[in-house]
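Enquirer: Sequence:
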Amino acid sequence: IDTTHNPEFTMVEFYAAYLDYNDLMEITEELLRKILLDTVGTLKITWEGQELDFEKPFRRLAFFDALKEKTGKDKEFFLDEEKARDFAKEVGIQKADELTHSKILDKLFEHFIEEDLIQPTFVIDFPKILSPLAKTHRNDPDLVERFELIVNKKEIANAYTELNDPEDQKERFLQQLKEKAQGDDEAMEIDENFLMALEYGLPPTAGEGIGIDRLVMMLVDTPSIREVILFPTLRPEK
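Numbers in my numbering are just positions in the sequence shown, counted from 1, shifted up by 246.
Keep in mind that the hints were calculated from the coordinates and are not lab data.
Because the structure is a prediction, the values reported are computed rather than measured.
Don't be surprised by glycine CBs; every beta carbon is placed ideally from N, CA and C.
Mixed in with the good hints there might be a few duds.
Restricting the straight-line Cα-Cα distance to at most 30 Å, the calculated cross-link-like pairs of lysine-lysine (DSS-like) are [unchecked claim]:
(1) K353 <-> K321
(2) K424 <-> K321
(3) K302 <-> K424
(4) K353 <-> K416
(5) K335 <-> K321
(6) K399 <-> K290
(7) K426 <-> K329
(8) K416 <-> K399
(9) K290 <-> K319
(10) K314 <-> K280
DEER-style ranges, computed between Cβ atoms [to be verified]:
(11) K416 <-> T285: 42 to 50 Å
(12) K316 <-> L423: 40 to 48 Å
(13) E328 <-> P387: 43 to 51 Å
(14) T285 <-> P469: 12 to 20 Å
(15) D414 <-> E361: 30 to 38 Å
(16) D362 <-> P478: 27 to 35 Å
(17) D386 <-> E327: 15 to 23 Å
Generate the whole structure from the sequences, applying the supplied hints.
Expert: Below, the structure is given as structure tokens:
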């Protein structure tokens with residue numbers, strides 16, 4: 247629990263057949279502009295002292311391009327688990343020796359990328375090992391077609407082109423089991439029912455989740471998620 251995380255939270259998810267993550271980026275920009283105009287009446291707002299401009303096209307920043315810009319290291323460097331682990335230790339990532347490769351990349355993302363993004367930015371093309379349900383990128387087998395929308399250092403939305411290949415999905419689930427065995431409590435189990443559904447067939451699909459609480463935090467300019475949750479967790483009375 248911190249100013250942007252709570253055990254209970256509100257989110258909206260939506261899916262659309264025959265769209266991909268590029269389409270969802272366009273929809274997300276239009277949706278946020280509509281929400282801003284309907285609620286606060288302007289596309290330029292202040293959140294925690296930062297002036298945010300939603301009028302301009304949102305920046306699109308590739309995951310590994312952003313890391314290279316900050317560290318000078320390329321994609322191949324970070325996809326080498328031992329190099330990534332050693333680098334994480336060098337830059338002060340806590341307990342790097344105990345983290346899985348995907349967790350290391352996630353921590354480096356938070357450390358070097360997320361903390362530097364103020365204006366609305368789509369971070370795109372995540373590493374495959376970070377995204378077990380996302381479709382492999384059409385131009386790079388190491389990546390997936392996924393984006394996160396970051397505003398004022400906070401994730402507002404997460405979306406991707408859905409993985410609809412049952413064989414690829416099973417391989418991803420098996421990799422998740424390895425990560426769970428290495429101590430990642432958030433790694434997924436094999437979902438046999440989901441795999442069976444994919445065998446029947448899923449058309450090309452894209453899906454997105456938007457954090458409603460953080461969106462409201464932005465609209466009302468508050469620094470704490472507790473201020474926008476109807477029933478926040480309270481300390482027990484002594």
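Enquirer: What's the verdict on K353 and K321, does the C-alpha distance respect the 30 Å limit or exceed it?
Expert: At roughly 15 Å apart (the allowed maximum being 30 Å), K321 and K353 satisfy the hint.
Enquirer: Holds or violated: K424 with K321, Cα cutoff 30 Å?
Expert: Given that 30 Å is the threshold and the Cα spacing comes to 22 Å, the pair holds.
Enquirer: Range hint 42 to 50 Å: satisfied by the CB atoms of K416 and T285?
Expert: Since K416 and T285 have Cβ atoms about 43 Å apart, the given range 42 to 50 Å holds.
Enquirer: Please verify whether K426 and K329 have alpha carbons no more than 30 Å apart.
Expert: 21 Å, holds
Enquirer: Does the alpha-carbon distance linking K416 and K399 stay inside the 30 Å limit?
Expert: 34 Å, violated
Enquirer: Under the criterion that the straight-line Cα-Cα distance not exceed 30 Å, is the pair K314, K280 satisfied?
Expert: 34 Å, violated
Enquirer: Tell me if the straight-line CA distance from K353 to K416 falls inside 30 Å.
Expert: Holds, at roughly 26 Å.
Enquirer: Hint check: K302 vs K424, CA-CA at most 30 Å. Holds or violated?
Expert: 43 Å, violated
Enquirer: Given a hinted range of 43 to 51 Å, is it respected by the beta-carbon distance of E328 and P387?
Expert: At 21 Å between Cβs, range violated.
Enquirer: Taken at face value, is the distance from the CA of K319 to the CA of K290 at most 30 Å?
Expert: 35 Å, violated
Enquirer: For the pair supplied as a hint, K335 and K321, confirm whether the alpha-carbon distance does not exceed 30 Å.
Expert: With Cα atoms ~18 Å apart, K335 and K321 stay inside 30 Å; holds.
Enquirer: Should the hint that D362 and P478 are 27 to 35 Å apart at their CB atoms be regarded as holding?
Expert: 29 Å, holds
Of the hints listed earlier, those the structure fails to meet are numbers 3, 8, 9, 10, 12 and 13, in rising order.
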